[in-house]
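Whole structure, please, built from the sequences with the hints as guidance.
Protein sequences appear in the order of chains A and B. When we follow my numbering, the leftmost residue of the first sequence carries the number 48, and every step to the right adds one. When we follow my numbering, the leftmost residue of the second sequence carries the number 253, and every step to the right adds one.
Worth double-checking, as some hints may not be accurate.
Cross-link-like lysine-lysine pairs, in silico, BS3-like; alpha carbons within 27 Å at most [said to hold, decoys possible]:
id	chain 1	residue 1	chain 2	residue 2
1	A	K179	B	K533
2	A	K179	B	K303
3	A	K278	B	K515
4	B	K363	A	K326
Bear in mind the hints are in silico, worked out from the structure with no lab data behind them. This structure is a prediction, so every number in the text was calculated from the model and none was measured.
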Amino acid sequence: MRTPSVRYRIFRIGNLVFLTLLSLTMILPFINVLAQSLSSSEAIMGGKVSFWPVAFTWINYEYVFGDASFWRAFAVSVGVTLFGTLVNLAATASLAYPVSRPEYKGRSLVVMFVLVTVVFSAPLIPNFILMKELHLVNNPLVLIVPGAINAFNFFVMRSFFSQLPGELIDAARIDGCGEFGIIWRIVIPLSKPAMASLGIFYAVGHWNAYSTALYYLNDPAWWPIQVTLKKLFESDDISVDPGSAVYSTLAHTSPEGIKMATIIIATLPIIIIYPFLQKHFVKGIMVGSVKS
Amino acid sequence: MGTRLGDAGRYLWRYRILYLLSVPGILYFFLFKYVPLFGSVIAFQNYNIFKGITGSDWVGLEHFQKMFSHYDFLRILNNTLLLGLYDLVIAFPVPILLAILLNEVRMIVFKRLLQTIVYMPHFLSWVVISGIFMGIFSMDAGVVNKALGFLGMQPIYFLGEDSYIRSILIGSGIWRDSGYGTIIFLAAIAGINPDLYEAAEVDGAGRLKQIWSITLPSLLPTIMILLLLHIGKFLDLGFERVFVFLNPLNLESGEILDTYIYKAGLLSQQYSYTTAIGLFKSVVGLMLILLGNFFSKKTTGESLY
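Shown next, in the form of structure tokens:
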């Protein structure tokens, strides 16, 4: 290895400075939101808060946690994320596994059938008419059923299954193990890593889902957290119930602070699972890109 | 013949569980992906919810003609094309550059830290991102305007002025997705044969020269494939990404086909007209991808199929 040239050394230092600044622009806005959510209304409106809370207070969080509509939306999102992810994994695997086995004649036909849906997708209104016909409009199942299988995830899972040792499955079959026995005793235990990574991806999708609910759910009782959050941004004044505990301290809450606290709470689950997520998505992208 | 059918039947019976398992998934794709695709024929009808697709009157290309003579549609098409173009010219190259720069970081721990941070925004919802942007760009409480004030400038109402919306849309897109987009390029860089670098080093090429004449050319196939995929989605900026930033003050330049389809289709119930717009979008996308593929095959030999 030669000693690097002066020009390269300058480049390298500049590069480090640039990348550090860049990652600060990714993280500072979030810290700013966090600081505002923990600051008093006067401090926020006076423009005094940058990256550290001013006149520290939990009042904004107390307000959000005291709000029934927040809890309802939170419960809808948690429910849809848990139940929806289970449905996603079961549906995706039950198509991806057979299509990954060489014994399944007509594999390429099914693959083409799915691939076509990636290239051609229907406009909004024909989808809306279908949901109406299926009685999924204003039905919370619309958040789960129409998205049961993601074509990209289907391809990822199929390529994972096709890497499972076929000899193991053949041997089990010769030993008289039924198809369900093979799935239960061999396939599922071996596919835990794939299930975990795709499950996390599906879960993030459910937690962040916004437009599906906006299109198909009019009843606020079924709005997930993202829709409620967006409605909160659209409303300029936040009315507080005079009987509520925070009413007396209302002077210290502000629409801004409440919005920021809600952003933090709505993002917390993502931040908590992010370390697990990060472990998987690099590999996931690789498998996916090999496929395409 | 009879025996062959019998063989096929026996084969299917033997692997019946595999076939049965795949039936729900196949039905799912048929019902939720193919049926609405066929349902798109309402673009050629005056669709009436009470009469249904079979009972509604056929009107041929009337809705497509209406589309091209409609002032609103042309303005929104213009917005969509402009944003698509900015996305292609400004946002598309960012992950490539970023991956090359990240690859030059030698301290592994620092590199991992940088990667962790730049991937992160991709996993925030667009609603949360719009909230964060509203916070930092707000008139009186936002840090951006505070910084402008520090420099002696007047505060700007970024999200409430039509002239800033396109920059905000493109900027937020870069902020959210460029870090995540580096993953595929970093993988491609990792796959480059190290012998190439050693040979270049023996020939006296410096590190910067190596980036230019080894790293970048080696990335070209990946870049071409992603570019082709991107071109196919030229009019597809994504509904959520734009919708969360729109308000009556920035609608003029910010509204795109997808948000218009939602508003005119679902909220004002112009079902057939907006389906025609959606169909137009898909057909343009398909033509672009075929065209791009053709030119790419001719010039670089890379193609999608």
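Hints, one by one, checked against the model:
For the hint pairing K179 (chain A) with K533 (chain B), the CA-to-CA distance comes to about 24 Å; that is within 27 Å, so the pair holds. For the given pair, K179 (chain A) sits about 14 Å from K303 (chain B) by alpha-carbon distance, which is consistent with the 27 Å threshold. Taking the CA atoms of K278 (chain A) and K515 (chain B), the gap is about 16 Å. The hint holds against a cut of 27 Å. At roughly 15 Å between alpha-carbon atoms, K363 (chain B) and K326 (chain A) fall within 27 Å of each other, so this suggested pair holds.
Consistency note: the structure conflicts with none of the earlier hints.
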